[in-house]
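Engineer: Here is how the chains run, residue by residue.
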Amino acid sequence: MTNPSCTTALVVGAGIGGITAALDIANSGFQVVMVEREPSIGGHMAQLSETFPTLDCSQCIMTPRTVEVGHHENIRLHTYSEIESVRREPSGSYRVRIRRRAAYVDWEKCTGCGVCQEKCPFKVESAFERGIGQRKIIYTLSPQAVPNKPVIDAEHCRYLQSKQDIEAGRAPAVDKQGNPATPKCGACAKLCPTGAIEWEQQDSVLEEEVGAIVMATGYDMLPMERLPEYGGGELRDVVDGLAFERLLAASGPTAGKVVRPSDGEVPKQVVFVQCSGSRDPERGVPYCSKICCLYVAKQAMLYKHRVPDGQAYVFYIDVRAGGKGYEEFVTRAQEEHGVVYLRGKVSKIFAQDGRLIVKGADTLSHRAVEISADLVVLATAIVPRASTAAVAGLFEVGVDDNGFLVSGDEEMAPVDSCVEGVFLAGAALGPKDIPETVAQASGAAAKVLSLFQQRVAAAATVTA
Amino acid sequence: MTSTERVYGYFPGCTLATTAVDYDASGRAVAAALDLELREVPDWNCCGASFPLSAENVMNFIAPARTLIAAQREGQDLATLCAVCFHVLKRSDSYLRTHPEAADRLNAFVTEGDYDGRVKVRHLLGILRDDLGWEVVRRHVAAPLQGLRAAPYYGCLLLRPEAEMELDNPEAPKVLHNLLLALGAEPVGFARQAECCGSTLLVSAPEANQRLSTAVIESARSAGAMIVVTACPLCKFNLDRAQEGLPAAERLPVAYFTQAMAAAFGLAEHAGPVSPLQAAA
Numbered sequence: 193m194t195n196p197s198c199t200t201a202l203v204v205g206a207g208i209g210g211i212t213a214a215l216d217i218a219n220s221g222f223q224v225v226m227v228e229r230e231p232s233i234g235g236h237m238a239q240l241s242e243t244f245p246t247l248d249c250s251q252c253i254m255t256p257r258t259v260e261v262g263h264h265e266n267i268r269l270h271t272y273s274e275i276e277s278v279r280r281e282p283s284g285s286y287r288v289r290i291r292r293r294a295a296y297v298d299w300e301k302c303t304g305c306g307v308c309q310e311k312c313p314f315k316v317e318s319a320f321e322r323g324i325g326q327r328k329i330i331y332t333l334s335p336q337a338v339p340n341k342p343v344i345d346a347e348h349c350r351y352l353q354s355k356q357d358i359e360a361g362r363a364p365a366v367d368k369q370g371n372p373a374t375p376k377c378g379a380c381a382k383l384c385p386t387g388a389i390e391w392e393q394q395d396s397v398l399e400e401e402v403g404a405i406v407m408a409t410g411y412d413m414l415p416m417e418r419l420p421e422y423g424g425g426e427l428r429d430v431v432d433g434l435a436f437e438r439l440l441a442a443s444g445p446t447a448g449k450v451v452r453p454s455d456g457e458v459p460k461q462v463v464f465v466q467c468s469g470s471r472d473p474e475r476g477v478p479y480c481s482k483i484c485c486l487y488v489a490k491q492a493m494l495y496k497h498r499v500p501d502g503q504a505y506v507f508y509i510d511v512r513a514g515g516k517g518y519e520e521f522v523t524r525a526q527e528e529h530g531v532v533y534l535r536g537k538v539s540k541i542f543a544q545d546g547r548l549i550v551k552g553a554d555t556l557s558h559r560a561v562e563i564s565a566d567l568v569v570l571a572t573a574i575v576p577r578a579s580t581a582a583v584a585g586l587f588e589v590g591v592d593d594n595g596f597l598v599s600g601d602e603e604m605a606p607v608d609s610c611v612e613g614v615f616l617a618g619a620a621l622g623p624k625d626i627p628e629t630v631a632q633a634s635g636a637a638a639k640v641l642s643l644f645q646q647r648v649a650a651a652a653t654v655t656a
Numbered sequence: 259m260t261s262t263e264r265v266y267g268y269f270p271g272c273t274l275a276t277t278a279v280d281y282d283a284s285g286r287a288v289a290a291a292l293d294l295e296l297r298e299v300p301d302w303n304c305c306g307a308s309f310p311l312s313a314e315n316v317m318n319f320i321a322p323a324r325t326l327i328a329a330q331r332e333g334q335d336l337a338t339l340c341a342v343c344f345h346v347l348k349r350s351d352s353y354l355r356t357h358p359e360a361a362d363r364l365n366a367f368v369t370e371g372d373y374d375g376r377v378k379v380r381h382l383l384g385i386l387r388d389d390l391g392w393e394v395v396r397r398h399v400a401a402p403l404q405g406l407r408a409a410p411y412y413g414c415l416l417l418r419p420e421a422e423m424e425l426d427n428p429e430a431p432k433v434l435h436n437l438l439l440a441l442g443a444e445p446v447g448f449a450r451q452a453e454c455c456g457s458t459l460l461v462s463a464p465e466a467n468q469r470l471s472t473a474v475i476e477s478a479r480s481a482g483a484m485i486v487v488t489a490c491p492l493c494k495f496n497l498d499r500a501q502e503g504l505p506a507a508e509r510l511p512v513a514y515f516t517q518a519m520a521a522a523f524g525l526a527e528h529a530g531p532v533s534p535l536q537a538a539a
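First to last, the sequence lines map onto chains A and B.
Quick note: the first sequence uses the working numbering, first residue 193, plus one each step.
Quick note: the second sequence uses the working numbering, first residue 259, plus one each step.
Incorrect hints may have been included.
Below, simulated EDC-like cross-link-like pairs (lysine to aspartate or glutamate); rule was C-alpha separation at most 20 Å, straight line [as the list claims (entries may be wrong)]:
| # | chain 1 | residue 1 | chain 2 | residue 2 |
| --- | --- | --- | --- | --- |
| 1 | A | 540 | B | 372 |
| 2 | A | 540 | B | 420 |
| 3 | A | 551 | B | 453 |
| 4 | A | 551 | A | 395 |
| 5 | A | 537 | B | 429 |
| 6 | B | 432 | A | 421 |
Simulated from the structure, these hints should not be mistaken for laboratory data.
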């Protein structure tokens with residue numbers, strides 16, 4: 193029996209957009225089901241060092257919100273989980289099947305003490321650290337993770353791999369003494385004080401009934417390999433904007449020290465390339481990624497804070513600093529921090545004698561310029577998450593030519609979708625900064641609350 | 259001898275018939291070794307030497323179109339070696355294919371027949387990669403070019419514009435690299451591997467030409483190359499010329515990729531500058 197006046201909301205994606213929507217709805221007294229693909233919430237904002245234009249510490253302004261989500265009595269949080277299927281009921285509510293990936297850790301027993309992560313003997317490159325740092329095989333995304341419970345990367349786990357090998361007959365079934373072979377390692381399980389490691393854990397599926405949905409699935413960066421002319425994916429000291437955030441972040445792999453990934457040296461000449469793949473219909477994406485002008489100014493400024501005798505250069509097509517205090521912020525980078533802005537595109541970046549040669553044009557002085565740099569930061573284009581179209585399809589929400597979600601009406605109903613009860617927010621709709629994402633998320637939450645209030649009122653009328 | 263019939267129309271072009279006869283001869287020799295039959299297009303003329311940047315006057319396409327029509331009568335893909343000819347013929351074909359009204363007007367002026375867009379303009383490098391595969395090339399190697407650090411030099415016209423040339427990614431080309439690997443050589447990527455050599459600036463701005471060609475040579479040299487391998491007779495001409503002032507021992511030899519193939523296939527008479535190096539190695 194489904195509930196025609198279901199007033200539970202589903203929020204898909206737990207970046208700052210999803211978190212904002214979830215808290216707005218939950219704080220109004222309604223139930224929220226939250227689904228996040230990653231092991232913990234926070235999205236890209238958890239990767240950022242400081243935010244523009246106020247230079248607030250990103251972690252510090254977000255942590256109260258992530259903690260609130262983690263403890264909220266009205267929020268059921270499903271991390272490491274994905275929407276598997278959606279069924280629309282005749283009543284108008286949705287039955288949503290959610291698949292939680294096996295974490296191989298019993299999160300009920302786990303206290304989040306971190307011993308397992310400390311003692312795990314193996315490391316791999318961390319996607320969260322954008323190729324700049326490593327993580328253990330049993331890991332949380334950050335020390336401030338919510339929930340602060342680890343998952344095991346089964347693909348790289350020594351124990352799980354050797355267990356599979358024994359079971360599949362790829363490894364001997366008995367050891368040298370003739371006893372049944374046991375999988376290797378298992379350090380985490382031996383040292384866990386609460387016995388929370390659960391090697392037999394499987395994916396689990398649960399079902400929730402919800403009456404409205406907020407999709408806030410966020411963005412990704414254009415893969416560096418798409419920019420071979422800039423050495424993307426080939427040259428280690430050519431990094432993207434998000435990787436540079438990790439270098440700047442106090443919580444990052446270098447504890448906020450700006451160093452070259454190749455040799456750990458402090459870079460004295462840093463070149464930022466705006467519109468790397470953006471506004472390039474032929475080889476990249478046709479649209480403006482909107483946030484880069486400001487985050488590049490911020491990063492150049494923060495670089496100068498860390499390396500006062502260093503020089504930062506920014507190649508730009510034009511500076512698009514529309515927003516309260518934004519133009520002033522860019523001016524500050526130029527005038528107070530001596531960041532050199534060069535109007536022109538970069539044609540090529542290559543390695544020469546251990547340095548990076550950046551060839552570009554300065555169209556104001558009509559000269560070809562070549563800068564010998566220690567580090568290059570590409571402000572790569574903002575693209576939708578790869579899974580956006582698939583997830584949107586489950587709710588019958590469309591995507592545009594570039595893969596971003598389509599609003600019901602781009603002008604007059606930007607956070608509505610074409611589907612009743614499904615609302616949209618954040619960078620999944622198109623490139624967006626934090627304030628704009630938060631505003632949209634609150635807008636979407638208000639739409640959900642309005643719908644729920646109508647249902648409550650209608651139910652009251654029927655009862656009366 | 260049994261082999262899959264691989265027959266191509268072949269357009270040598272003016273340069274290969276005059277100053278770059280060694281490119282033509284080595285190209286024919288390695289094709290024969292690989293059982294690729296190159297049938298010279300009858301009564302061919304100059305490709306036009308540069309792709310007409312003003313498309314308004316359809317007469318600009320007469321020269322390439324006449325060759326395309328001749329090849330079309332033979333009914334085979336049209337194989338080329340010269341990067342400039344490949345560029346002009348491929349882009350002309352692409353233009354006429356996508357502008358039927360221009361093709362119609364052109365057809366009114368050509369007496370040999372109508373251009374119908376059935377010809378596929380190919381470069382031998384693409385034929386090696388796509389029709390034969392590197393494994394087949396590798397099987398023909400009698401004397402691997404072991405220890406030969408060769409700089410694959412693509413230049414600009416062979417690959418650009420990517421969408422029309424359909425050969426390789428101009429920002430990260432691989433086709434010459436992979437050929438050199440198949441020959442047993444050691445390809446050394448270098449910064450200016452797909453930059454312009456100066457092309458015909460030699461006529462209008464010789465000092466700019468010298469600067470560009472020298473930069474290519476220096477870039478290959480600093481990457482540790484012992485030889486430069488190219489698919490373009492104009493590139494070879496410019497790179498050789500830029501080094502004329504240097505003592506012979508300091509010059510970086512420039513070879514056609516077909517000469518590198520000939521050396522590896524044991525066809526010493528067609529190996530050009532590749533063979534002595536190989537003997538030294």
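Engineer: All hints, please: hold or fail.
Structural biologist: Evaluated hints:
1. A:540 to B:372: Violated, at roughly 43 Å.
2. A:540 to B:420: 17 Å, holds
3. A:551 to B:453: 12 Å, holds
4. A:551 to A:395: Not satisfied, since the Cα-Cα distance of roughly 50 Å exceeds 20 Å.
5. A:537 to B:429: Within the cut-off at roughly 16 Å; holds.
6. B:432 to A:421: Given that 20 Å is the threshold and the Cα spacing comes to 14 Å, the pair holds.
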